[in-house]
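Chemist: Build the full structure now, drawing on both the sequences and the hints.
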Amino acid sequence: MIGIAVLVLAADQASKALAVAAAPSGSGGGLLWAGLVRNPGASFGIGAGYPVLITVVAAAVLAAAVTWLARTRRPGAALCLAAVAGGAAGNLADRLLRAPGPGRGAVVDWIHVAGYRPAFNLADVAIRAGAAGALLAMLAADRWKTRRTATPGRRLPG
Numbered sequence: 001m002i003g004i005a006v007l008v009l010a011a012d013q014a015s016k017a018l019a020v021a022a023a024p025s026g027s028g029g030g031l032l033w034a035g036l037v038r039n040p041g042a043s044f045g046i047g048a049g050y051p052v053l054i055t056v057v058a059a060a061v062l063a064a065a066v067t068w069l070a071r072t073r074r075p076g077a078a079l080c081l082a083a084v085a086g087g088a089a090g091n092l093a094d095r096l097l098r099a100p101g102p103g104r105g106a107v108v109d110w111i112h113v114a115g116y117r118p119a120f121n122l123a124d125v126a127i128r129a130g131a132a133g134a135l136l137a138m139l140a141a142d143r144w145k146t147r148r149t150a151t152p153g154r155r156l157p158g
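In the numbering used here, the protein residues as written are 1 to 158.
Treat the hints as calculated values from the structure; they're not laboratory data.
Keep in mind that a hint or two might mislead.
[To be verified] Cβ pair distances, simulated, as ranges:
| no. | residue 1 | residue 2 | range |
| --- | --- | --- | --- |
| 1 | Val113 | Ala63 | 25 to 31 Å |
| 2 | Val20 | Gly45 | 34 to 40 Å |
| 3 | Arg128 | Leu53 | 17 to 23 Å |
| 4 | Pro118 | Leu96 | 18 to 24 Å |
| 5 | Leu136 | Ala70 | 17 to 23 Å |
| 6 | Gly49 | Gly3 | 35 to 41 Å |
| 7 | Gly35 | Arg74 | 36 to 42 Å |
| 8 | Ala21 | Arg74 | 38 to 44 Å |
| 9 | Leu31 | Ala70 | 34 to 40 Å |
Cβ atoms here follow ideal geometry from the backbone N, Cα and C, with glycine treated the same way.
Modeler: Written as C-alpha cells, this is what we have:
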C-alpha cells in the first residue's frame with residue numbers, strides 16, 4: 001500500500017512540475033484542458049484567506065487516511081485509502097514547499113473540465129476517487145458479511 005501512495009504522490013508532483021514549467025494559459029475550448037491555477041484554499045477555493053488552517057486540515061486528512069489504512073483489513077478499502085494518502089501527501093507537499101512559504105503555499109491546480117468550475121489536479125482526483133472507493137469497499141464488505149451470517153436451519157458455505 002505504501003507503493004500505491006508513493007506512486008500517487010510522485011505522479012501528482014511530476015504533473016504539477018510539468019504544468020508549472022509549461023505554464024498553460026488555460027484558455028481551452030474543449031471538454032478537457034490544462035490551465036495553471038494556484039489555489040491557496042481547500043477544494044473549490046474554500047478558506048483561501050486561512051492558508052495555515054488549511055495546511056493543518058490537510059495534515060489531519062493525511063494522518064486520518066494513514067490511520068484508517070493501517071487499521072483496515074479489507075484489501076479494496078486499503079488500496080483506495082492508499083490513493084487518498086498519496087493525494088493528501090501531494091497537496092500537503094505543495095502547501096509546505098511552494099511559495100510564499102511553509103504552511104502558506106498554494107496548491108497547483110491545472111486540470112479544467114467544461115461545465116465544472118474549479119480547476120483540480122491528480123491529487124484531488126486520487127483523494128475523491130479513493131474516498132468514494134473506500135466507502136464502497138467497506139459497505140460492500142459489510143453487506144457480504146451480513147449475507148454470510150448464519151440463519152437458523154441453514155449452514156454457511158465453507
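Chemist: State for each hint whether it applies.
Modeler: For each hint, the structure was consulted:
1. Val113 <-> Ala63: 25 to 31 Å: holds, 30 Å
2. Val20 <-> Gly45: 34 to 40 Å: violated, 19 Å
3. Arg128 <-> Leu53: 17 to 23 Å: Holds - the Cβ-Cβ distance for Arg128 and Leu53, about 21 Å, lies within 17 to 23 Å.
4. Pro118 <-> Leu96: 18 to 24 Å: This hint holds: roughly 22 Å between Cβ atoms.
5. Leu136 <-> Ala70: 17 to 23 Å: Hint holds: Cβ distance 20 Å, inside 17 to 23 Å.
6. Gly49 <-> Gly3: 35 to 41 Å: Once the Cβ atoms are compared, 37 Å apart, the range 35 to 41 Å for Gly3 and Gly49 holds.
7. Gly35 <-> Arg74: 36 to 42 Å: Between Gly35 and Arg74, where Cβ atoms are some 38 Å apart, the hint holds.
8. Ala21 <-> Arg74: 38 to 44 Å: Since Ala21 and Arg74 have Cβ atoms about 39 Å apart, the given range 38 to 44 Å holds.
9. Leu31 <-> Ala70: 34 to 40 Å: holds, 39 Å
Against the hints set out earlier in the document, a violation occurs for number 2 only.
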